[in-house]
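All chains, full assembly: derive it from the sequences and hints.
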Amino acid sequence: MKVKNPYLPIPAVVKRAYIETTDHMLRTLELKFLKEEDAQAFHFIPGQFCELSIFGKGEAPFGIASSPTEDGRLTFTINKAGVVTTALHHIEEGSEIGIRGPLGNGYPMELFKGKNLLVIGGGFAFTTLRSLITYFLHPANRSQVNQITVIYGARMPGLLLYKEELNSWQKREDIHLVVTVDWGDKDWKGKVGLVPNVLEELAPSSENTIAVICGPPMMIKFTLPKLVALQFPDERIYTSLERRMKCGIGKCGRCNIGHLYVCKDGPVFNYAQLKNLPRDD
Amino acid sequence: MKWKLEKKDFQKFLQGLMEDYDLFAPVKLTEGVSEFKKINQPEEVYLNQLFTQKPAKEVFFPQSEVMFHYEKRGGQTQTISLEEIERERILLGAKPCEIKAISIIEKVFMSGESIDVYFLEKRRKTIIMGLACNHPLSTCFCTSTGGSPFLREGSDLFLIDLGESFLMEGITGKGLSFQENKFLKEPSEEDLNTAQLIESKAFQKVDSSVPVEGIEKRLDLMMESTFWNRVHEKCVGCRICTYLCPTCHCFDMVDEGGPQRGQRVRNWDSCLSPLYSLETSGHNPRPTGRERTRQRIMHKFNYYPKIYGQVACVGCGRCILYCPVHFDIRKAILWTSPKRPKKYEERSSS
Amino acid sequence: MIQEKIREIAKDLLRTKKVDLVIGFGEWTLPLRTTPLFIRTPEGADHLVWNSFCENNLAVYLHKFNQFKVGVVVKGCDARSIVALTLEKRFKRDQLFLIGVPCQRMVDRRKVKRAVQGEILHAFEEGDQIFLEGEEFKTTLRRDQFFYSSCQTCIHRTPLHTDVLMGDPVEESPLTEILPEVKAFEEKSPEGRWDYFKKEVSRCIRCYACREVCPMCYCEECFVDSSNPKWIERGQLPSDLMFYHIVRAYHQTGRCSGCGACERACPMEIRLTYLTQKLNQEVKDLFNFETGIDLEASPPLSTFRMDDHQDFIK
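Residue numbers (this note's numbering), protein chains in the order written: chain E, 1 to 281; chain L, 1001 to 1350; chain H, 2001 to 2314.
Among these hints, one or two may not hold up.
Below, a list of computed lysine-lysine pairs in the DSSO-like style, where the Cα atoms sit at most 27 Å apart [claimed, not checked]:
| # | chain 1 | residue 1 | chain 2 | residue 2 |
| --- | --- | --- | --- | --- |
| 1 | H | K2011 | H | K2064 |
| 2 | L | K1205 | L | K1004 |
| 3 | E | K171 | E | K221 |
| 4 | L | K1306 | L | K1217 |
| 5 | L | K1028 | H | K2183 |
| 6 | H | K2230 | L | K1072 |
| 7 | E | K275 | L | K1217 |
| 8 | L | K1072 | E | K2 |
| 9 | L | K1205 | H | K2113 |
| 10 | L | K1038 | E | K264 |
| 11 | E | K4 | L | K1107 |
| 12 | E | K191 | E | K171 |
| 13 | L | K1038 | H | K2199 |
| 14 | H | K2092 | H | K2005 |
Computed Cβ-Cβ distance ranges for the label pairs, DEER-style [stated by the list, open to error]:
| # | chain 1 | residue 1 | chain 2 | residue 2 | range |
| --- | --- | --- | --- | --- | --- |
| 15 | H | R2193 | E | Y18 | 40 to 48 Å |
| 16 | E | V13 | L | T1288 | 24 to 32 Å |
| 17 | E | K2 | L | K1038 | 20 to 28 Å |
| 18 | L | T1288 | H | D2294 | 32 to 40 Å |
| 19 | L | E1043 | H | M2001 | 50 to 58 Å |
| 20 | H | I2293 | L | T1288 | 46 to 54 Å |
No lab work stands behind these hints, which were simulated from the structure alone.
Values in this document were obtained by computation on a predicted structure and should not be read as measured data.
Cβ coordinates follow ideal geometry from the N, Cα and C atoms, glycine included.
Below, the structure written as structure tokens:
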């Protein structure tokens, strides 16, 4: 009996690639598996990630931005930072790419049922939150959760991701979306303000609500106390952690926080779990 | 079942094994330095050192291993995975501590949803012929970690050096399959008594006083202790302890080659390297030696036990013998325990 | 006794707060070894020792503590490293209090181990003798037959430019003019040299202990760790092993003090000092420069002079 090799990337191709932001640092890739059976076998939930390979350059982990409700669509948004991400910025449509996944634990979708969802995102950490929101906005799933409130902030309007989705969400009745920027520009008609302040202003009720927060460390540092002040208990605040990863399957030892591996036991944790983990930083 | 193999027959015995198996045994690199390698001639086997520098984990988890080749053919990249090994293997001359360590690594690599196929393949196809430690060193403390110089667990066949011959014990089915070998004879009563004597002498010699017992719970309370500020000071951040440690199994994955043709390789890595957890943004969750040394000790004596119920240290003492600045893990363990010397805060290092 | 003097001076420095800490040597668990100690209280100074097993180059720790005032125990070679580092502006001389100890040469613990049968459990020195005791043996060796090779060729064993000297200066003459390995190396043909080097370095396990114990290796990003550009791979390719050692030796040219810490640290017992010894000899011949002697000197490989040799330009 042959055991599946979890290190072998599955071949895929870049179907579409486009820059998301005005600073050209964020690019979204839409991928398609080369083999139909791989596409059929790929089942994921929001919050999971994949290791994308560019042969010759290496591999890196990226949260899945598309939702399982989007008919097999597989998108990732890449921040240009190092060797692999720069290569992912240069790869052309039609080029080959390798995928390993889905990896990680994903958001606790069962726990959200019957609750209100408060989603707070900052900058390019919004990727898996897009997956989560799109999932619950789908008609088949919308009734699973009650109110959906989203606060999404970026430094400037040009740096907002998924502008098309944001626009269509604004028009909907079944989701309360507040988009904010740190600094507006002459065309920006939306809110201007830092995410923690917007949250404080909005003051959503914590009753029967689960909060999911993803963003840069600075944003989390100032937003978390606001959530606590709004009476959110640690077990009902979820976040997706980042660590340098290699294998993505809990073998290479790199991404551990205490006895948990961010790639395998995470990357989604709630704050009650994080409080018990040794803070390594 | 026990047999006796005369040393005068040893080379011929090995020659016979090599017809059917790839034989991995310690090979001399230079005086006092040896390594597990696949041997081509029985004369290469070098059992003069108590243990090799690099431990037997190498045979299952090589320092540098090609995971797969990739090649672009007709616009499509093919990957050729290299986990299969053709011939069955025999690992000869591994010590009980490093054999126990293989089972410690196994628990990580061969469990869970994803199985490390490279390790699995080698482990499945290897027969382990362990060699007992007749003369443990003063730095050995395997008995403090639940092991012993004559621990048979993990070996398929267990060898005890009696001077002019080896006593061989068949431990598992794989080991017992050698009973038809023409060089294996019936051991005498004297042989068995000699082996007994050597075993009890060796067992007593090993340091069983290192307070490993209960260390997981003690370390639970010590995450922010000032102890860590001093423990790491003399560590220079090389990788000797992690590379020579039989249980350490962290690795890095890199691509070698270009977009057309190349390979993905995995190499040993070390949590003591500053680059280990360095993120591309520049942020490093373990920025100084303090965090990294703490990570190493906590992983071995707190994190791993939390998941698997045993410490990830076999008490072999390599880290003590080969550390260039004479870091002694036994001292660090001692200082987590109530047995520590009173004024440890003043002894500013470990 | 030197050991007493070291303790006294350390106590005094810490009591008067002239320094924040003193880095020296202490006894630890193994025979024939000492360990670096970081003493912050006068009472702690009682743990400092001085013997033939003080083999580490403590200058390597000064990079970590370059925000503090540090007292450090130095042998001849260690002081040379510090002079070289001061010239490279790694720290200011007035941050340091150098406790110089005229060195009687360090004993090669591996040579000693090979000279006896069985594990050495206790070792102590008296005068010129080393007394060794194992489970089933007791023996005495003459320490002068067991020096490290880098100590055999050391000329300036009295540390220079120190703040205090813990004893009378010792004579400035080496035991052997040239390392036997260097001599043997020079006598080889280019192919022979390559074979020797290749064989030695083939044992390398990329632990980088040689780099980490070396006071002169302080680059934030070492060339072997660079991924953009990636100079060499991270595996065990023989060509990569050779590349690492050749380039590291070249990076040491004119900077290496010959302390031998690299060779002593290597778990695979690879010979390394012959490379830098040879390179430093060439620097001496070409530029009349010796590492770590002159606090006013300009290291030749980082200085340009109008009268520099040009005859290598063909």
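Results of checking the hints against the structure:
Between K2011(H) and K2064(H) the CA atoms are separated by roughly 22 Å; this keeps the pair inside 27 Å, and the hint holds. Restraint check for K1205(L) and K1004(L): the C-alpha separation of about 25 Å stays at or below 27 Å, so the hint holds. Straight-line distance between C-alpha atoms of K171(E) and K221(E) comes to about 31 Å, which puts the hinted pair past the 27 Å bound. Only pairs whose Cα atoms come within 27 Å are accepted, and K1306(L) paired with K1217(L) is accepted, the gap being roughly 10 Å.
Distance check on the hinted pair: K1028(L) and K2183(H) sit about 26 Å apart at the alpha-carbon level, within 27 Å; holds. With a C-alpha separation of about 22 Å, the suggested pairing of K2230(H) with K1072(L) holds against the 27 Å cut-off. Among the hinted pairs, K275(E) with K1217(L) is consistent with the structure: their alpha-carbon atoms are about 17 Å apart, no more than 27 Å. Restraint check for K1072(L) and K2(E): the C-alpha separation of about 25 Å stays at or below 27 Å, so the hint holds.
Our distance criterion of 27 Å between C-alpha atoms is met by K1205(L) and K2113(H), whose separation comes to about 20 Å. With a C-alpha separation of about 35 Å, the suggested pair K1038(L) and K264(E) falls outside the 27 Å cut-off, and the hint is violated. With a C-alpha separation of about 18 Å, the suggested pair K4(E) and K1107(L) falls inside the 27 Å cut-off, and the hint holds. Only pairs whose Cα atoms come within 27 Å are accepted, and K191(E) paired with K171(E) is accepted, the gap being roughly 16 Å.
With a C-alpha separation of about 18 Å, the suggested pairing of K1038(L) with K2199(H) holds against the 27 Å cut-off. Of the pairs offered as hints, the one joining K2092(H) and K2005(H) holds, with about 25 Å between alpha carbons and a cut-off of 27 Å not exceeded. The hint said 40 to 48 Å for the Cβ distance between R2193(H) and Y18(E), and at roughly 57 Å that hint is violated. Evaluation of the 24 to 32 Å hint for V13(E) and T1288(L) yields a failure: the beta carbon distance comes to about 44 Å.
Roughly 25 Å separates the CB atoms of K2(E) and K1038(L), a value that falls within the hinted 20 to 28 Å. Hint check: T1288(L) to D2294(H), Cβ distance near 35 Å, so the stated range 32 to 40 Å holds. The given range of 50 to 58 Å is respected by E1043(L) and M2001(H), whose C-beta atoms sit roughly 52 Å from each other. Checked against the given bound of 46 to 54 Å, the beta carbons of I2293(H) and T1288(L), roughly 34 Å apart, lie outside it.
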